[in-house]
Amino acid sequence: MITVTDISAPVEPLKSLSDEGVSIWLDDLSRTRITSGNLAELIEKRNVVGVTTNPSIFQSAIGSGEGYEEQLAELAVRGVTVDEAVRMMTTADVRAAADILRPVYDATGGRDGRVSIEVDPRLAHRTAATVAEAKQLAWLVDRPNVMIKIPATEAGLPAITEVIGLGISVNVTLIFSLERYREVMDAYLAGLEKARAAGLDLSAIHSVASFFVSRVDSEVDKRLAKLGSDEALALRGRAALANARLAYEAYEDVFGSAGNSTQSSDRWTTLAPSGAHRQRPLWASTGVKDPAYKDTLYVDELVAPGTVNTMPEATLTATADHGDIRGDTVSGGYAQAHADLDAIERLGIAYDEVVRQLEDEGVAKFEAAWGDLLDAVAASLSGKGVVAE
Numbered sequence: 000m001i002t003v004t005d006i007s008a009p010v011e012p013l014k015s016l017s018d019e020g021v022s023i024w025l026d027d028l029s030r031t032r033i034t035s036g037n038l039a040e041l042i043e044k045r046n047v048v049g050v051t052t053n054p055s056i057f058q059s060a061i062g063s064g065e066g067y068e069e070q071l072a073e074l075a076v077r078g079v080t081v082d083e084a085v086r087m088m089t090t091a092d093v094r095a096a097a098d099i100l101r102p103v104y105d106a107t108g109g110r111d112g113r114v115s116i117e118v119d120p121r122l123a124h125r126t127a128a129t130v131a132e133a134k135q136l137a138w139l140v141d142r143p144n145v146m147i148k149i150p151a152t153e154a155g156l157p158a159i160t161e162v163i164g165l166g167i168s169v170n171v172t173l174i175f176s177l178e179r180y181r182e183v184m185d186a187y188l189a190g191l192e193k194a195r196a197a198g199l200d201l202s203a204i205h206s207v208a209s210f211f212v213s214r215v216d217s218e219v220d221k222r223l224a225k226l227g228s229d230e231a232l233a234l235r236g237r238a239a240l241a242n243a244r245l246a247y248e249a250y251e252d253v254f255g256s257a258g259n260s261t262q263s264s265d266r267w268t269t270l271a272p273s274g275a276h277r278q279r280p281l282w283a284s285t286g287v288k289d290p291a292y293k294d295t296l297y298v299d300e301l302v303a304p305g306t307v308n309t310m311p312e313a314t315l316t317a318t319a320d321h322g323d324i325r326g327d328t329v330s331g332g333y334a335q336a337h338a339d340l341d342a343i344e345r346l347g348i349a350y351d352e353v354v355r356q357l358e359d360e361g362v363a364k365f366e367a368a369w370g371d372l373l374d375a376v377a378a379s380l381s382g383k384g385v386v387a388e
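Per numbering that gives the first Met the number 0: the sequence shown = residues 0 to 388.
I should point out that these hints are in silico values taken from the structure, not numbers from a laboratory. These numbers were taken from a predicted model, which means no experiment stands behind them. Each residue gets a CB set at the ideal place from its N, CA and C atoms; glycine is no exception. One should not assume that every hint holds.
Between beta-carbon pairs, the in silico distance windows are [said to hold, decoys possible]:
1) Ala363 / Ser63: 16 to 26 Å
2) Gln70 / Gly36: 18 to 28 Å
3) Glu40 / Ser202: 43 to 53 Å
4) Ala233 / Gly166: 26 to 36 Å
5) Ala378 / Gln356: 47 to 57 Å
6) Gly382 / Arg325: 13 to 23 Å
7) Gln135 / Arg345: 40 to 50 Å
8) Lys44 / Arg345: 21 to 31 Å
9) Ala197 / Asp289: 21 to 31 Å
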């Protein structure tokens, strides 16, 4: 459902964010957002240059039924299965959004103007099935500016390599740990190497790595509050930013910094002359969960060139109204970021345990949302005289 009420609000912070090299993507999509012209208006007036989706977003949009009545009726007449109905509706939305964003894609040489759609979350631990699903989704959407989202599970890593090697652009999602992020970058480079060996045009392949932010604070803050000491409480709201800043440090280790691309890994140095693109870090889960924190915290404090910030609508609106964009707030903070995570670890909060839990919970939440979506569509199809399979 569309909630934007005043799209003429001040947008200077959004322009400043874009000028700093951060691409603003909207973390939401629905049929009504497309057909009402709202998405096009956000692109025109709010500096939005991309869209991300996930199972929870589609569950919210399609589960409400708003805007999908006609297509549901047609699918019911055809007697399709529930899974097919969901795929027809989600890919239709992504295809339409990709068409709206096509001018941005053309103007940026494919860097932006992207729309992401995720593989079935039930396949998160099955490599071959994930690859097959990614190929199917790319074929169904049939737009050059689609990105297929693959979760950064252990099974997802070889799938990322395989799909990139086929020339399909990928948004790697559900990244929480620095170790897993480095594995994701390795998987991307391996995919580019496969694509090059197959004679594919590397300049046509793009990728982003979605590093989740707010959920890290939610979990670590809960553990800090349970400890209750002054030292513990003073570290609340520090873990997520520290984790993300160190992810950007890792990104620079592999792909080089904005000012010095020669300081990069040997593998990247070999691939870059073939037209390969850096796999940009994307800050995901940037809506603040704790009302005690400023609602633009994960925007203001994660400004760095060559990144993407995908925002839920409330965060986009808040940033337009009172975001505090003051230049690069990431690359100068590595020492403090290391110190913050070390201090949290010394209190007995195990980083590896936290990020593993968050990955498991992330997959489970998307599976649950997908299940709820399937149930809602099954009920809609049955209500139109079709027994869903």
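Worksheet entry | Index of numbered hints that the structure contradicts, given in increasing order | 3, 4, 5, 6, 8 and 9
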